[in-house]
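Student: Start from the sequences, fold in the hints, and give me the full structure.
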Amino acid sequence: MQFTTFLMALPSIASILAVLFFSIARGRVDRTEVKLWYDREATRLVRAEAWDDAWTAYRRIEQLSQQLTGATDPVVLKRMAAVAEQQERPEQVDLLMRRLLQIGERGDLEAHRYFAARFLALEPASEEDALVRLDRLELHLQAVCDLDPYDIAARAHLAELRLANGDREGAIGHLRFVAEKEPAAGFPLGRLLAAAGLNDEAHAWFVKAEQAIAAKLERDRGNFELTMQLAGCRAADGRYDQALRTIETLPRSADLDRQKGLLFVAWSEDRRRAGDEPNRLRLLTGAIGFDPGCRPAIEALLSMTAKPDVRNELRPQLADLVARGGETGGIHFLLGTIAALDGDLGGSRVHLDLAVAAGFRSAVVLNNLAWSTAFGPDPDPERALALAEEAKRLAPDVPEVRGTLGRILGVLGRHAEAVIELERALAGSSDPAIIHRSLADSYAALGQEALAESHRKQAADREP
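Under the numbering used here, the first residue of the sequence shown is numbered -7, with each subsequent residue one higher.
Please note that a few of the clues may not be correct.
Quick list of simulated restraints, FRET-style, between CB atoms [what the hints assert, rightly or not]: (1) P116 with D370: 43 to 49 Å; (2) A311 with D370: 29 to 35 Å; (3) V314 with E409: 36 to 42 Å.
Hints listed in this document are in silico derivations from the structure and should not be mistaken for laboratory results. Idealized CB from N, CA, C, for every residue including glycine.
Tutor: In structure tokens form, the structure reads like this:
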């Protein structure tokens, strides 16, 4: 009962406000003292998480600030924004932050940080929205860096934007600044410097970053993020064996296997530059052994399948990986491509159908499946057309995709549409002879014999 009695004995905030308003009206309470009282009361209400009452108190403080100084107090606006956030009123938070941007010549630092974070998290709905987002993000990040030159996170994000805009020098400048204060940032800086051909400086930053990250890891052993950063420094510096040993200090997990796969892809690229194709192939198959869905590895292997000896070596290894189960869509895609290149369109269709069914769906997969479906055993040109049109929606500017669609339209007797697709494909086609032959057939079917003959000659000139 004492607890209840105590609460009942406390005056309500409404009664206190009434007394204070009455006192002000009578001129018996100085406004500065009232503002101080409201400030203490608002702080108490925030601690008690009484957000609605806290909002009312801060609104009154804002009004008194205007009456006392003729200006808005930015600290009060920030506190109001914090309360509005707790009330889950994002529009009000946004409005208050916009008011903060109007204070001072360059706006308020916290407001710029708020909008930078908001635009970082924003998912644009269209290409136009994406461009607006990047412009606003860059504006606010630059303002943060101007107002607080030592804001490392803002500089790192600004460096990413500069790099995305093709301004490598600008990105390097920001990351140099960051890395001087936080040596671990020497890792992304070193990668940019290496890409710019500044290998000695890149190596120096990799070493600094490695030392800084290793020191952090001593204090936080087993930290996944720090371990991966340390491995990244060593891999970027060309010490792939050491990077692999670093990763292997962590317990086995699906995420760790994905990281191993990406490490092997980077290692394979190093072997490609060195002209070491056998070890490149070994590393890429190792990558999909760790992570069967590793798209960079699958794409790199795809580029190697033009060679018959590579296909012969890959085929049994891929079959073994399929037998292990798990995520097999990408492996079926490779097997389907190998079968098609070997002239087995029936086998190709089986594997590509399995790839699509497993969720490995891309313009290349759909295009190849459309081809196998249209021109392999038991052709189904209507289904092939649907697949080719979906591939075109995903990759409208790829000549091979337009060429496949044009060939299938020709098979279906839709020659006028076929000509449009084939002519779009011709300029960038890797096999112009087959496109010229298809154009000759479609023009002949349309009664344009002169054009058909011209394409026959072009095809003959380009035959291997």
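Student: State for each hint whether it applies.
Tutor: Taking the hints in turn, this is what the structure says about them:
no., hint, result
1, P116 with D370: 43 to 49 Å, "holds, 44 Å"
2, A311 with D370: 29 to 35 Å, "violated, 24 Å"
3, V314 with E409: 36 to 42 Å, "holds, 38 Å"
Going through the hint list in order, the structure does not satisfy hint 2, though it satisfies all others.
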